[in-house]
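Enquirer: Based on the provided sequences and hints, a complete structural model is requested.
When you read off a place in the sequence shown, starting at 1, and then add 274, the result is the number in the working numbering.
Rather than coming from a laboratory, the hints here were simulated on the basis of the structure. From a predicted model like this one, the values you see are computed outputs, not experimental measurements. Cβ coordinates follow ideal geometry from the N, Cα and C atoms, glycine included. There are no misleading hints in this set.
Computed beta-carbon distance windows for the label pairs:
| hint | residue 1 | residue 2 | range |
| --- | --- | --- | --- |
| 1 | I517 | A464 | 20 to 26 Å |
| 2 | D429 | G516 | 34 to 40 Å |
| 3 | N443 | G475 | 19 to 25 Å |
| 4 | G535 | P379 | 26 to 32 Å |
| 5 | D441 | P471 | 15 to 21 Å |
| 6 | A463 | K549 | 30 to 36 Å |
| 7 | P383 | E479 | 35 to 41 Å |
| 8 | D506 | K486 | 14 to 20 Å |
| 9 | N394 | G535 | 19 to 25 Å |
Once the Cα atoms are required to be at most 25 Å apart in a straight line, the calculated SDA-like pairs of lysine to any residue come out as:
| hint | residue 1 | residue 2 |
| --- | --- | --- |
| 10 | K511 | R472 |
| 11 | K411 | E537 |
| 12 | K485 | G515 |
| 13 | K460 | K474 |
| 14 | K432 | M396 |
| 15 | K406 | E537 |
| 16 | K411 | A463 |
| 17 | K486 | G475 |
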Amino acid sequence: MMNSSRLLISRQSRRLLSSSPPVTSSAPPRSTAHRIVTRPSSSSSSNNSSAAAFSSAQPTAAGTAILLTAAALLFTATTNDAKNNEASLCSVAPRLGAEPTMLSPATEPKTGILFPRLCNGMTFVGCGVRVKYGFVKVYAVGTYMDPLAMSVTKDQSKPQLQKALLDPNYPRTIRIVMNRNLSIEKYTAAIIEALEPRMKGQDLESLEEFKKLNPPVDLIQGAEMEMTVRGDTLLYKNAVGGIGQIRSGVFTSALCDVFYGAEAVSPGHLEDVLKGVKKL
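Expert: Quick look at the structure:
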């Protein structure tokens with residue numbers, strides 16, 4: 275593309291040169307223009323010589339036009355190249371394992387929220403939306419799995435695959451992105467409300483620990499939280515970037531059931547993950 279742009283600039287320059295009328299100048303030849311003659315009796319002669327020297331040093335109008343045209347053509351060609359390269363990266367069909375896939379995020383269709391292909395060293399497998407009261411789209415949720423850990427499980431049947439998703443020993447990151455403003459109290463209350471009945475009265479103090487991991491700052495649209503599950507350990511990144519940890523197998527098992535169980539809070543997310551895992 276750049277070679278063809280330079281060829282076009284060269285042709286435009288030759289065309290402008292051949293079509294430009296000859297420029298005549300009343301300035302004296304360069305050899306005399308740079309000689310400064312000092313005559314005490316006539317200051318006007320010295321001023322005329324200096325003006326002629328200055329005039330001869332300036333570029334001609336035709337030359338300036340050619341340079342400006344060439345620069346404009348080169349800038350346009352470079353800009354178009356950059357746009358074409360960007361478009362080609364974004365328009366590549368997602369293929370797991372290929373570099374363009376990592377550069378093009380996935381889009382949750384109901385909210386338009388984007389999910390990068392990698393998060394905490396894990397690969398994106400699916401996303402969905404959490405709906406409240408039948409129509410309020412509270413947040414988008416995406417799942418990232420470890421391809422190596424899922425290498426054998428991914429080829430199993432759907433019930434077996436869902437059973438594996440319920441096991442916190444399969445590492446994953448659950449990424450939540452707010453679709454609307456929400457107070458931090460309502461957010462933590464909703465998570466705890468989903469977790470508590472699944473914990474069956476065990477290790478309930480971990481729910482208070484989860485509350486403390488969220489600073490008293492209300493969530494705005496676009497705020498992000500990450501929950502990385504590895505066995506009995508939850509590594510939590512809150513909306514302001516703070517990182518904390520909860521050690522409780524009861525808590526992590528309940529969290530997996532919230533997002534991947536028979537009564538998952540986002541059925542669309544679960545279905546998308548089940549499909550995406552098979553493509554790892």
